[in-house]
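Asker: Sequence:
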Amino acid sequence: MTRHEELEQDIVGLLDGNAPRSLEDLIARLPAYSWNEIFGAVDRLTRESRLVLLRPKPSQYLVALHPVDHLSRYTPAA
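Number 2 in full-length UniProt numbering belongs to position 2 of the sequence shown; there are no gaps in the numbering.
Keep in mind the hints are simulated off the structure, nothing from the lab. In this text the structure is predicted, and so the values were computed from the model without any measurement. Among the hints, a few may not be true.
[Stated by the list, open to error] Distance condition first, Cα-Cα at most 25 Å in a straight line; then the derived SDA-like pairs of lysine to any residue:
{"id": "1", "residue 1": "57", "residue 2": "12"}
{"id": "2", "residue 1": "57", "residue 2": "38"}
{"id": "3", "residue 1": "57", "residue 2": "46"}
{"id": "4", "residue 1": "57", "residue 2": "28"}
{"id": "5", "residue 1": "57", "residue 2": "21"}
{"id": "6", "residue 1": "57", "residue 2": "35"}
{"id": "7", "residue 1": "57", "residue 2": "29"}
{"id": "8", "residue 1": "57", "residue 2": "22"}
{"id": "9", "residue 1": "57", "residue 2": "18"}
{"id": "10", "residue 1": "57", "residue 2": "17"}
[Unchecked claim] Cβ-Cβ distance ranges computed for the label pairs, FRET-style:
{"id": "11", "residue 1": "50", "residue 2": "27", "range": "15 to 21 Å"}
{"id": "12", "residue 1": "16", "residue 2": "47", "range": "18 to 24 Å"}
{"id": "13", "residue 1": "60", "residue 2": "5", "range": "25 to 31 Å"}
{"id": "14", "residue 1": "60", "residue 2": "2", "range": "29 to 35 Å"}
{"id": "15", "residue 1": "34", "residue 2": "1", "range": "15 to 21 Å"}
{"id": "16", "residue 1": "43", "residue 2": "18", "range": "19 to 25 Å"}
{"id": "17", "residue 1": "5", "residue 2": "31", "range": "32 to 38 Å"}
{"id": "18", "residue 1": "44", "residue 2": "67", "range": "26 to 32 Å"}
{"id": "19", "residue 1": "3", "residue 2": "66", "range": "21 to 27 Å"}
{"id": "20", "residue 1": "58", "residue 2": "9", "range": "27 to 33 Å"}
{"id": "21", "residue 1": "13", "residue 2": "34", "range": "16 to 22 Å"}
{"id": "22", "residue 1": "5", "residue 2": "58", "range": "16 to 22 Å"}
{"id": "23", "residue 1": "55", "residue 2": "2", "range": "14 to 20 Å"}
{"id": "24", "residue 1": "49", "residue 2": "18", "range": "16 to 22 Å"}
Note that CB positions come from ideal geometry on N, CA and C, so glycine has one too.
Work out the full structure, taking the sequences as your base and the hints as a guide.
Answerer: And the structure:
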């Protein structure tokens, strides 16, 4: 398994069964990876429709697994 695949698996594992998390929270919980690696993985997983970005407030983004049952509580990021 490549480092990218391990990171993607770690991100999905953190989000599985949990509420959406901020990018900052993912970075804090995955200290073995750099900010750039985590941002890149979130970007890839979002483009693959495995994750969604949510925007509960104008200046806040959250990351969640796709699909999520509670999506209606948040405004999807454009």
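Asker: Going back to the hint list, which numbers does this structure go against?
Answerer: Checked against the structure, the hints that fail are numbers 17, 18, 22 and 23, while the rest are satisfied.
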